[in-house]
Amino acid sequence: MEKQVQAAPAVKDRRPLFFGLAFGILFGFLLHKGGVTKYDVIVNQLLLVDFTVVKVMLSAVVTGMIGIYSMKSMGWIKLSLKSGSFGMNVIGALIFGVGFAVLGYCPGTIAGAIGNGYLDAIVGGLAGILLGTWIFAVMYPRLKDGILKKGDFGDITLPKLLKVNDWVVVVPVAAMIVLLLLWIERSGF
Amino acid sequence: MMTLLTDVGWSPYAVGIGIGVLSWLSFLISGKPLATSTSFAQTGGMIERMIIGKKASQRPYYKKIKLNINWQWMLVLGVVTGSFLSAIISGDFKTGQWVPYVWASAFGDGALLRVIVAIFGGIILGFGARFAGGCTSGHGISGTLQLAVSSWISAIFFFIGGILTAHLIFYVIA
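As they're listed, the protein sequences go chains A and B. Each step along the first sequence adds one to the number in the working numbering, with nothing skipped, and position 85 is 85. Each step along the second sequence adds one to the number in the working numbering, with nothing skipped, and position 50 is 50.
The shape of chain A in the complex, shown without the other chains (with noise of 0.2 Å):
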């Protein structure tokens, strides 16, 4: 019966398309505003020079952190957690490493190059980018079973594997960013 409903595109909702459109707009407008749709900003970060970068990512993980799991306590959403192993989360984590070293922008931060007109990035980065997944995609077959797997761990939660509380964490997870990012202006990056 659902699928019968979901089959026919008239009753298709749309809505969540243009939700995603509105918070895509919000999210690259910031991302802009931050200077993190350049080049240069990025390069800095990773040769330690500038660590707008990391404010920029540790300010949104420890407001979001604290958001998510209060409504999480209050039971207005649920987790989507992406589920990983040393194979995909460290090799494949190193790689993509490599890849945002020498393109200089990440996938997020490309689409908001690309708004912002840096040709690079148009021309290069997102050829680049279509084609790297694209290998990957033919590779699947022979990858799935193999370095995907191993030592797979599933979709948890850092309060999951130490089975505490999840505010056990979230707390001192919190403090640490803060301390963190103080310290970062303390030696004047």
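One thing to keep in mind: the hints can contain errors.
No farther apart than 25 Å at their CA atoms in a straight line, the calculated lysine-lysine pairs in the DSS-like style are these [what the hints assert, rightly or not]:
no., chain 1, residue 1, chain 2, residue 2
1, B, LYS55, A, LYS78
2, A, LYS149, B, LYS66
3, A, LYS150, B, LYS63
4, A, LYS160, A, LYS72
5, A, LYS12, B, LYS63
6, A, LYS78, B, LYS32
Here are the in silico distance ranges between beta carbons for each label pair [claimed, not checked]:
no., chain 1, residue 1, chain 2, residue 2, range
7, A, PRO141, B, ILE116, 44 to 54 Å
8, A, GLY75, B, ALA111, 29 to 39 Å
9, A, ASP13, B, TYR101, 39 to 49 Å
Coverage of chain A stretches by chain B, computed from C-beta distances (three or more under 8 Å per stretch; other residues unrestricted) [what the hints assert, rightly or not]:
no., stretch
10, 53 to 63
11, 90 to 99
These aren't lab readings, by the way, just hints derived from the structure by calculation. Owing to the predicted nature of the structure, the values given are computational and were not obtained by experimental measurement. Glycine included, each C-beta is placed from N, C-alpha and C at the ideal position.
Following the hints, complete the assembly by docking chain B onto the known chain A.
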């Protein structure tokens, strides 16, 4: 208010807090975290489908992520639009800019070399993002703020790989 919108840059903390609040709304209204890299994989698959036809959709990976325009794909389109709007109203929209300043200071202002390296970097990045199951948004912000183990490990290794490679490029190769 108007001058705020037309400012080229805001405090990175204000921007970060804004993205954090945006993640609350995204969870509350759409039940989804802010993430971008799957949409690039879907686009790659849709391009392959345009070239070789329906056979492309049979790839196991494309069956898994589904080749359609969904919420997240529209989010990425929105990021392009939002950044464009901010750049235009603040007089920061670039035309004819092929080579970033930091790159030019080490490797000169040739557009061809920069574009070739950007393609190469993009290939590694796109492959790595799908290998890790997420990028700087999906793992780095949305996953870490949910305290996902996969995302904390990924975010740490994104930066280890990125910092080492950037130092290699600018202090050894250059």
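Against the structure, the hints come out as follows:
no.	hint	verdict
1	B:LYS55 x A:LYS78	violated, 36 Å
2	A:LYS149 x B:LYS66	holds, 21 Å
3	A:LYS150 x B:LYS63	holds, 22 Å
4	A:LYS160 x A:LYS72	holds, 14 Å
5	A:LYS12 x B:LYS63	holds, 21 Å
6	A:LYS78 x B:LYS32	holds, 9 Å
7	A:PRO141 x B:ILE116: 44 to 54 Å	violated, 30 Å
8	A:GLY75 x B:ALA111: 29 to 39 Å	violated, 54 Å
9	A:ASP13 x B:TYR101: 39 to 49 Å	holds, 46 Å
10	53 to 63	holds (count 9)
11	90 to 99	holds (count 10)
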